[in-house]
Amino acid sequence: MLGIGIEKIEYLEREKDLRADPYSKGVRIDVYVRDSSRVFTLEMQCDDRKDLSLRTRCYQGLQDISFLDKGNLYRHLPESYILFICLFDLFGKGLPVYTFENTCREDRRISLNEKCRKIFYNANAWEKERNPERRVLLEYFFGAAVNDELTRAMDEQVSFTRNLRQWRKGHMTLEQEIKLQASYAYDDGFSQGLSQGISQGISQGAFEARVEAAKLMLVNNIDAATVSKCTGLSADEINQIAEGNS
Numbered sequence: 001m002l003g004i005g006i007e008k009i010e011y012l013e014r015e016k017d018l019r020a021d022p023y024s025k026g027v028r029i030d031v032y033v034r035d036s037s038r039v040f041t042l043e044m045q046c047d048d049r050k051d052l053s054l055r056t057r058c059y060q061g062l063q064d065i066s067f068l069d070k071g072n073l074y075r076h077l078p079e080s081y082i083l084f085i086c087l088f089d090l091f092g093k094g095l096p097v098y099t100f101e102n103t104c105r106e107d108r109r110i111s112l113n114e115k116c117r118k119i120f121y122n123a124n125a126w127e128k129e130r131n132p133e134r135r136v137l138l139e140y141f142f143g144a145a146v147n148d149e150l151t152r153a154m155d156e157q158v159s160f161t162r163n164l165r166q167w168r169k170g171h172m173t174l175e176q177e178i179k180l181q182a183s184y185a186y187d188d189g190f191s192q193g194l195s196q197g198i199s200q201g202i203s204q205g206a207f208e209a210r211v212e213a214a215k216l217m218l219v220n221n222i223d224a225a226t227v228s229k230c231t232g233l234s235a236d237e238i239n240q241i242a243e244g245n246s
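In this text, residue positions in the sequence shown follow this note's numbering: the first is 1, and each later residue adds one.
Hints may contain errors.
[What the hints assert, rightly or not] 25 angstroms max Cα-Cα, derived DMTMM-like pairs, lysine to aspartate or glutamate:
1) 93 to 139
2) 8 to 149
3) 229 to 212
4) 128 to 212
5) 128 to 48
6) 115 to 127
No lab work stands behind these hints, which were simulated from the structure alone. Here the structure is a predicted model, which is why all the values come from computation and not from measurement.
All chains, please: the whole structure from these sequences, using the hints.
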């Protein structure tokens, strides 16, 4: 997307939580990546939120505070890239990419050189993108079919994640199952029944969620080893589920 080479990714975190201190307002970034001298934060945006431009100020500030809190000096601040991949045109000018760097208003030839870039990608304008690699990616984000090895690999991962949606749904309903079991135990009026009801609800609900996820993954021809790794079920349990599906 940036058209630059990255020597080695030293740190990658999804759903990175940035905040100045435990009590301050924080932001959750989709992807946070660092190499030897640069930091990259990435956000995917489907809805046209009017505050994206202002959010870059918050992202940059929290990013720098996080680095300086570790005893680093200003001159050691890494080069920073804040990326928004949007499914809409935030600025309404029809460009596929909008790149912002601070320059002097009185003389545009003078750069502030604070080593920070804010970049907004507009997937709707993918046809106007001249860089072939970026064009393919923007076209894929726009919703087109895969066109190369990278987007094919991305699409396979997307499909795999969607197949786990039913599994995640099972985990989301686990708390309801726990509360239901607890209420039954409470109605009986026995503290022991309350404890057992919660324990059984957790165990049974979690197991059923994993079984449903395994069934869904097997139906979509995901190999047994991967199913076992994702669900935590044993090979024998996976084989029993596969036999039950056939």
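Structure-based check of all given hints:
1. Distance hint between residue 93 and residue 139 is fulfilled; the C-alpha atoms sit about 18 angstroms from each other, no more than 25 angstroms.
2. With a C-alpha separation of about 21 angstroms, the suggested pairing of residue 8 with residue 149 holds against the 25 angstroms cut-off.
3. For the given pair, residue 229 sits about 15 angstroms from residue 212 by alpha-carbon distance, which is consistent with the 25 angstroms threshold.
4. The straight-line distance between the Cα atoms of residue 128 and residue 212 is roughly 44 angstroms, outside the 25 angstroms bound, and the hint therefore fails.
5. The suggested pairing of residue 128 with residue 48 holds, with an alpha-carbon distance near 21 angstroms, which does not exceed 25 angstroms.
6. Between the alpha carbons of residue 115 and residue 127 the distance comes to roughly 30 angstroms, so the proposed pair goes past 25 angstroms and is violated.
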